[in-house]
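Colleague: Quick note, the sequences are listed as chains A and B, same order.
Numbers given in this note's numbering equal positions in the first sequence, counted from 1, plus 4.
Numbers given in this note's numbering equal positions in the second sequence, counted from 1, plus 768.
Calculated directly from the structure, the hints in this document are not laboratory data.
Quantities reported herein were computed from a predicted structural model and do not represent experimental measurements.
Mixed in with the good hints, there may be bad ones.
[Said to hold, decoys possible] Keeping only pairs whose Cα atoms sit at most 16 Å apart, straight-line, the calculated EDC-like set for lysine to aspartate or glutamate is:
{"#": "1", "chain 1": "B", "residue 1": "Lys933", "chain 2": "B", "residue 2": "Asp1071"}
{"#": "2", "chain 1": "A", "residue 1": "Lys378", "chain 2": "B", "residue 2": "Glu799"}
{"#": "3", "chain 1": "B", "residue 1": "Lys1133", "chain 2": "B", "residue 2": "Asp1213"}
{"#": "4", "chain 1": "A", "residue 1": "Lys362", "chain 2": "A", "residue 2": "Asp372"}
{"#": "5", "chain 1": "B", "residue 1": "Lys933", "chain 2": "A", "residue 2": "Asp446"}
{"#": "6", "chain 1": "B", "residue 1": "Lys1133", "chain 2": "B", "residue 2": "Glu1254"}
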Amino acid sequence: MMINEITIFNELYTARADLLIALASLALLVIGTMLKTRAIHRVAIAAVTVLFVTLIMTLQQDNSDAPITLFNDMIVYDRYGVFMKILVLIGAMAAVMMIVRDTASHVFGRFESVVLVLLATLGMSIMVSANNMLSLYVGVELQSLALYILASTNRNSLSSSEAGLKYFILGALSSGFLLFGISLIYGFTGTTSFPLIADIILMGQDSTIPMALSVGLVFVLTGLAFKISAVPFHMWTPDVYQGAPSSVAAFFAMAPKIAAVAVLGRLLFSPFAELQGEWTQILYALSIASMILGALAGLIQKNLYRLLAYSSIGNMGFVLLGFIAGGLNGVSATLVYLAIYLVTTAGIFALILSVRDKNNVAATNLSDFAGLSKRSPAVSYALAIMLFSMAGIPPLAGFFAKLFVFKAIIINEYYILAIVGMLSSVVAAYYYLKLIKIMFFDQPPATVLYTVQSSGLLRWVAVPCVAFVVLYILSPDRLVYEATQAALSLN
Amino acid sequence: MTLETFPILTVMTFLPLVGALFVMFIKGSNETRIRNNAVNVGAFISVCVLGLALVMLGNFDGGTPDFQFVENVIWFEALNLTYHMGVDGISVFFVVLAALLTPICIALCKQSVTSRVREYVVALLVLETFMIGTFCALDGILFYVFFEGVLIPMFVLIGVWGGPKRVYAAFKFFLFTLLGSVLMLIALIYMFVAYGTTDIPTMMFDPLAGNVQFWLFLAFFASFAVKMPMWPVHTWLPDAHVEAPTGGSVILAGVLLKMGGYGFLRFSIPMFPEATEFFAPMIFWLSVIAIVYTSLIALVQTDMKKMIAYSSVAHMGYVTLGIFTATTNGVEGAIFQMISHGLISAALFLCVGVIYDRMHTREIKRYGGIVKNMPKYATLFMIFMLGSVGLPGTSGFVGEILVLMGGFQVDTVIGTLAASGLVLGATYMLWLYRQVVFGPAENKDASAMKDVNGMEKMALIPLAAMVLWLGVQPGFVLDRIGPSVENLLNNYYSAISLPTDDLARLGRN
């Protein structure tokens, strides 16, 4: 096919938001090496600015109702991608601020961390707008490689290196699954383009769909289930959250999960929409297992980051509920859930990262929070609100997130799933309450090691998050409207 | 602005929340000043709410079963949720009850709460918002938001200011109630799918098919039975009561327990009439077991609060019995019993709080002969004790006798067994009173206690007056709840006279 230059420039211009991140990350890598002092701070300011500009650009793209495809249909910009990209960018911005606050004063706090976040964000941006198996895979790998390094940035710490290595090995394995699945799908459809795959499956409806296509889909789902840490592919999550620097764990809990769910949603509802009957069963099992294990395994955790890892596993189970329900209701419910999950998670991490010891090391054990409410009531109350929201207690935002996904599955008559989900949310409430109990009911230790060291950066993350969670009840419609529009563009 | 356009229910519901925000940001030069200001502001706000509640009661038209002071605005289009508030005869007195008990708890916290007073006031004010909201909400999800929201401040109240086993009690309270409630939420969502709305007046008297009602009833039952609490899911209540601070116990016994009974009247009977008819015999037996069994347990308690907590379960047994007799007497009696129990048990917990503040023990045998040094206290305590026993002339009598009349209309055996609870109730309450107030004055510190002070009198005397007044003038309440109850039962009977094939089939299987 002939590609004329004007088209290329047009396409590049349309993709300017992604290009900006790409160029900025390369430029910052060079600039960072030249900065002698406070490199991480300066680079971070630049990075947040870049991400913010990208966010504005992405928001402006939102006006286009019809999807735009670029680069021979490799990339698609539609409202679904825009919605997800906004979430990813918000998560990345929050993560940059947390990483600077958390690591700047440590030996391992280097500006490269920030650049890596930018690169991972670029990968995620490609993932959420991928319209082809190949661009999808490139996006996944770009973000994964950046994340592996991020996990092991604290190279003097054994656990951080272990986390990085573990993440790398299991991540590589899951990428292998993904690639193998893609090759099977390519083998039986002859294409990697999402729209073409959809057409071929639709044409094959009358005859039988080759078994191997389903097998390929299973492998792709497995690969993505690793990325969103759905049970039984969750094993890396607690170790990585615990081992990686705390603020990096915060990043892992937010943006990459959203990007992986976004890819999953696009795959399931765009090329493989016709195979819904087949993948629903897989998702059903993943979701039930994630909800139950996320709730039960969290009960016995003493390390806060392991607890949050299990919490995120459980939450991914709830996210999948929307996909199981399917249709406009289900997908929009998942998107709303993701948005609220993102904000709540960002708030929780920003708040717990502000609890630090004299050496500026963030608290990691539940017991480090004992009696925190006496020392710093404001942070404790804010954290309690976020945890109640995670537990799904009204009138906080987390309740509405759950309300939506449960509405979607009840409409589609998955009653068992609804009951299991609700009961596991009650079990999970126990460990959220446990942290609240430790902060409010327990006596502080004789020698207080961990105190709240307030920081402007964390406040910038925490305050909007808490405000959102508390005030969401006043105007719940806007988010739902956007999510519905996004879900509409998928079908 | 006239009362027709003034959103009185919204103001009553959210004024405490605004007050709580205000209290949270009170600044002061020292701890004592902050503390006093917090209590004063909290008391002022809650008295304002009480004033509004009385204005509302004064303007309440007792002659109609319709919802009054209705506010209805769209809140959440995607789920077709409306911010729909209103009260009828069934709910109006619960709102007043919640508004009455909160200022009492806030005013009394000066002496019973020693640490984090400001937070205590904030928790009580937030709790008041959720309590009033629960009784005013006319949308299912809105109701659920308030109903569940109660858990947060109550969890904090028990956990922060409670007794030695407070953490256990707080968790038990929270998880028990949450477990019941999430099942109700599933049912509510199902009903949203079926009706396309969760507007309560729309769903009332428009029942779904029989076998669906069956499951929905059970889901709602799980929530309300835990909240009530009914035997055998009552076990959280004694723990919560014993560990909660006085204010927490008062609110818990006075208002929170009524949410279950209110839920039965607002959801179960009008929305699931066939299932109600089907399950009523089971509930009668659960109620009777609650009345007899928990009364027997109360007999052997050595802890005052625990004894009153078990007596609460027994009294709530009368409420469920009355509601599910579906007779005018029974339902009116149940509502009256809830209001009366709200006053009496709240007052009893306050009475326990009075001597607990002085002695810091709830052991019955540590007291004795305090009638000599606390005569006024003994008198007030006696009024509430007799009210709890159900002596004619107190409000307790009216509720119980009406419920028993309803019970005998339905089933003589049930009625007889339930009536035996009156005897048992008298036994343990009189025993408690004898041990604490009379008996030999063996404990020196008990004999040295001072009589009720001004603040305590201000709290207890109005409650005592109301207990006696409602005992001789029950018409004040019964006239106002009458039309709503009549309307409820008429619709209930017209619904169950419809063919009930599905339910009969389920009954046989």
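Colleague: With a cut-off of 16 Å on the C-alpha distance, tell me whether lysine 933(B) and aspartate 1071(B) pass.
Modeller: Distance ~14 Å between lysine 933(B) and aspartate 1071(B) Cα, so the pair holds.
Colleague: For a C-alpha distance cap of 16 Å, please report whether lysine 1133(B) and aspartate 1213(B) respect it.
Modeller: Given that 16 Å is the threshold and the Cα spacing comes to 12 Å, the pair holds.
Colleague: Within 16 Å, alpha carbon to alpha carbon, are lysine 362(A) and aspartate 372(A)?
Modeller: holds, 13 Å
Colleague: Against the 16 Å threshold, does the CA-CA distance of lysine 378(A) and glutamate 799(B) hold or violate the hint?
Modeller: holds, 14 Å
Colleague: Does the structure keep lysine 1133(B) and glutamate 1254(B) at a Cα separation of 16 Å or less?
Modeller: With a Cα-Cα distance of about 48 Å, the restraint between lysine 1133(B) and glutamate 1254(B) is violated, given a limit of 16 Å.
Colleague: Is lysine 933(B) close enough to aspartate 446(A), meaning Cα to Cα at most 16 Å?
Modeller: With Cα atoms ~12 Å apart, lysine 933(B) and aspartate 446(A) stay inside 16 Å; holds.
Of the numbered hints stated above, the single one contradicted by the structure is hint 6.
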